[in-house]
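S.K.: Using the sequences and the hints given, assemble the complete structure.
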Amino acid sequence: MRKLLLTTALAAAFMAPAAYADETVTIGIVTAQTGPLAAPGKFQMNGFNLAVDEINGNGGFQIGDTTYKLELKVYDTRCNAAEGASAMQRLATVDQVPIVLGELCSPVAAAEAPIAQDFQVPLVVTVPTAQSLTEQGNPYFFRVNANSGQLNEALAAFVETIDAEPLSFIAWNNDTGRGGANGMQELLPEGYKFGYIGFFNVGEVDFANHITNIRNEDSKAIMLLMDEEPGALAIRQIRDAGLDAKLIGTLAMGSNRFLDRLNADYLEGMVQYSSFPPNAPMERIKNFSDTYKEKYGEESHGFAAQSYDGIFVAVEAMKAAGTTSDGAAIRDALAEISVDGVIGTISFDEKGQASPPVYITEWCEDGSRKIIAPEEFAADCGAG
Amino acid sequence: MATAILEQFINGAMMGSIYVLMALGMVLIYGVMHVLNFAHGVLFMVGGYLTHLFFFSWTGSYPLAILCSMVALAAIGVVLERLVFRALRDNLRMQIVSSLGLILIIQNGVVQIWGPHALQMRPASVETLVKFGQLSFTLQHFVIMGVVAAAVVVLYLFLTHTRLGTAMRATSQAPEAAVVVGIDPNRVYTLTFMIACALAGLGGALLGPLFLIFPQMGDAPMLKALSAIVIGGMGSVPGAIVGGLGIGIVESLSTLVIPTDYRDTITFGVLILMLLIRPWGIFGVRVRGED
Numbered sequence: 000m001r002k003l004l005l006t007t008a009l010a011a012a013f014m015a016p017a018a019y020a021d022e023t024v025t026i027g028i029v030t031a032q033t034g035p036l037a038a039p040g041k042f043q044m045n046g047f048n049l050a051v052d053e054i055n056g057n058g059g060f061q062i063g064d065t066t067y068k069l070e071l072k073v074y075d076t077r078c079n080a081a082e083g084a085s086a087m088q089r090l091a092t093v094d095q096v097p098i099v100l101g102e103l104c105s106p107v108a109a110a111e112a113p114i115a116q117d118f119q120v121p122l123v124v125t126v127p128t129a130q131s132l133t134e135q136g137n138p139y140f141f142r143v144n145a146n147s148g149q150l151n152e153a154l155a156a157f158v159e160t161i162d163a164e165p166l167s168f169i170a171w172n173n174d175t176g177r178g179g180a181n182g183m184q185e186l187l188p189e190g191y192k193f194g195y196i197g198f199f200n201v202g203e204v205d206f207a208n209h210i211t212n213i214r215n216e217d218s219k220a221i222m223l224l225m226d227e228e229p230g231a232l233a234i235r236q237i238r239d240a241g242l243d244a245k246l247i248g249t250l251a252m253g254s255n256r257f258l259d260r261l262n263a264d265y266l267e268g269m270v271q272y273s274s275f276p277p278n279a280p281m282e283r284i285k286n287f288s289d290t291y292k293e294k295y296g297e298e299s300h301g302f303a304a305q306s307y308d309g310i311f312v313a314v315e316a317m318k319a320a321g322t323t324s325d326g327a328a329i330r331d332a333l334a335e336i337s338v339d340g341v342i343g344t345i346s347f348d349e350k351g352q353a354s355p356p357v358y359i360t361e362w363c364e365d366g367s368r369k370i371i372a373p374e375e376f377a378a379d380c381g382a383g
Numbered sequence: 000m001a002t003a004i005l006e007q008f009i010n011g012a013m014m015g016s017i018y019v020l021m022a023l024g025m026v027l028i029y030g031v032m033h034v035l036n037f038a039h040g041v042l043f044m045v046g047g048y049l050t051h052l053f054f055f056s057w058t059g060s061y062p063l064a065i066l067c068s069m070v071a072l073a074a075i076g077v078v079l080e081r082l083v084f085r086a087l088r089d090n091l092r093m094q095i096v097s098s099l100g101l102i103l104i105i106q107n108g109v110v111q112i113w114g115p116h117a118l119q120m121r122p123a124s125v126e127t128l129v130k131f132g133q134l135s136f137t138l139q140h141f142v143i144m145g146v147v148a149a150a151v152v153v154l155y156l157f158l159t160h161t162r163l164g165t166a167m168r169a170t171s172q173a174p175e176a177a178v179v180v181g182i183d184p185n186r187v188y189t190l191t192f193m194i195a196c197a198l199a200g201l202g203g204a205l206l207g208p209l210f211l212i213f214p215q216m217g218d219a220p221m222l223k224a225l226s227a228i229v230i231g232g233m234g235s236v237p238g239a240i241v242g243g244l245g246i247g248i249v250e251s252l253s254t255l256v257i258p259t260d261y262r263d264t265i266t267f268g269v270l271i272l273m274l275l276i277r278p279w280g281i282f283g284v285r286v287r288g289e290d
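Going down the list, the sequences are from chains C and P. Its first residue numbered 0, the first sequence is counted upward by one per residue in numbering that gives the first Met the number 0. Its first residue numbered 0, the second sequence is counted upward by one per residue in numbering that gives the first Met the number 0.
One thing to keep in mind: the hints can contain errors.
To be verified - A partial selection of chain P residues facing chain C, derived with a Cβ cut-off under 7 Å:
hint: 1; residue: 115
hint: 2; residue: 116
hint: 3; residue: 126
hint: 4; residue: 128
hint: 5; residue: 137
hint: 6; residue: 211
Said to hold, decoys possible - Only some residues are given here: those of chain P computed to face chain C with a beta carbon under 7 Å:
hint: 7; residue: 3
hint: 8; residue: 7
hint: 9; residue: 10
hint: 10; residue: 133
hint: 11; residue: 164
hint: 12; residue: 165
hint: 13; residue: 175
hint: 14; residue: 210
hint: 15; residue: 215
hint: 16; residue: 254
hint: 17; residue: 259
hint: 18; residue: 260
Claimed, not checked - Pair by pair, the computed Cβ-Cβ distance ranges are:
hint: 19; chain 1: C; residue 1: 344; chain 2: P; residue 2: 0; range: 45 to 55 Å
hint: 20; chain 1: C; residue 1: 364; chain 2: P; residue 2: 0; range: 34 to 44 Å
hint: 21; chain 1: C; residue 1: 364; chain 2: P; residue 2: 263; range: 38 to 48 Å
Quick caveat, the hints were computed from the structure, so don't treat them as lab data. Ideal Cβ placement from N, Cα and C applies to all residues, glycine included.
M.R.: What follows is the structure, encoded as structure tokens:
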């Protein structure tokens, strides 16, 4: 009996403080942490973690009288649609999170989106760019980052102003690459001359065949629709093969990390669109980049900035909805809110798509970058 | 167009040389032990990683790193043969299943040790460019073709002019008769695995620096090499050489007329065609009851 009393007293003593402590909201995360896209997955995860640390470090956030701290429940979807779908289902049913963020790969996000709708759990993606994702009429799907259509529009407007005809493409043989190549062809004016248009599968490293075809077409410029790793390989092979066409790249190709894979000689004069020039002389970007560098010891990345903003969007939506559990209410709040993020002001249109600014940056001779478009943000070497 | 054909021919011959190395290893193992070693691609990949390791943390010399990696791969070959394939000697199906299992174990083991990021190493041969007119290749392209040609010659001399090589051929042609004349089949099997693995390691060591060293780098070369030995004739060494080079050059030239993303379709299309019309391959011998 005495033992029982003691146990009860002890249990009570341990449980008592819990009743007064902050509550915790668990946000679901789906992203690739292993597999071929583990590296970009890490930037995304760093962005989420940075935001969570900052919010929790400042004491959490308040809804009514309750202070909430954030916790993340992370599933590694390995850029695999089946694993993404099962993770999304698990987050909605087993973990019962109020909102899910993440995803790196467009096809995986496409598999997750219908599940978000079925279980009324908003899915906010921060990296996938395939335009089709926000064209499905799914009210539970939101995208913080600019989609391929928006990126392409900015790039096409720029390409029109330079001497790039005939323009060739090397693109990933997936939604992103094919979508990008098709989108660009539609956006450029009628009669614009295109050279060779080639696609390669994720994991392929030999671009020799594409290069010969591009040379054959006498292309003035080559657009590379792929991410950092194949991008660096392709550029090296293009230049090593003696091809001096102008290079036009994607947002993955405007970073110091990208420079580390090559060198300034390979990159000089190359232009790329960017949703986040990490060294831009803008307060919001500078602050984020400094904090990121301090924590992770490397230059910040657009995927991290977009994902960082994604967490704040989720928190603002929960605050506006006044709930941390009702997915439908949070969805309605998401559709209405406007958040000043690192990448710009984030508010969603009726398709769930935000419209952050898109920049064009160009590599300088010394391995730094300048912002050349849009005009109001233009800045010299060292800014991009 | 002529420059395009020349450029693609050289690129194709370079990749074809890599396929030849892989195909030779697979054909030796198949010829002597009648096992298709599907794990050959991951051994190729391990060759790339070990070369990177030896280059950066030990020798600092690319040729030495290649040699060390070949020796290490030969040792791995001994271990694999003794631990896995010898125990399953009389069960061909299980040997194939275990070679598939080895792919998972080794590939994930490499990710555990080196992480999922691709590695780069850039010895001088990759940084040096060789120019012909408007065309330009890395010196590594020619290093690959030269080293593979030398390896083929050495292997040929070994098989035809040494007692061990003769023992290997004897075991391959008539295992029972070989035992009768005093050849120890266990020694021959171990030796075969050593040579085949060292060749795979050499392939990874040569190709890794040109592109990237990453866990899946051996997948495509293994499939191409498999096609090469089927097209060339299962168990035929000349078949592996002609098949490997042929696939490399044909797939490369084919991209001048068909979209590049259909490149693999050509290779595997030829493979299927070959299986339909001449299943014993170009150099293979038709065996009664096997086709």
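S.K.: Check the structure against each numbered hint from earlier and tell me which ones fail, lowest number first.
M.R.: As far as the earlier hints go, 3, 11, 12, 13 are violated by this structure, in ascending order.
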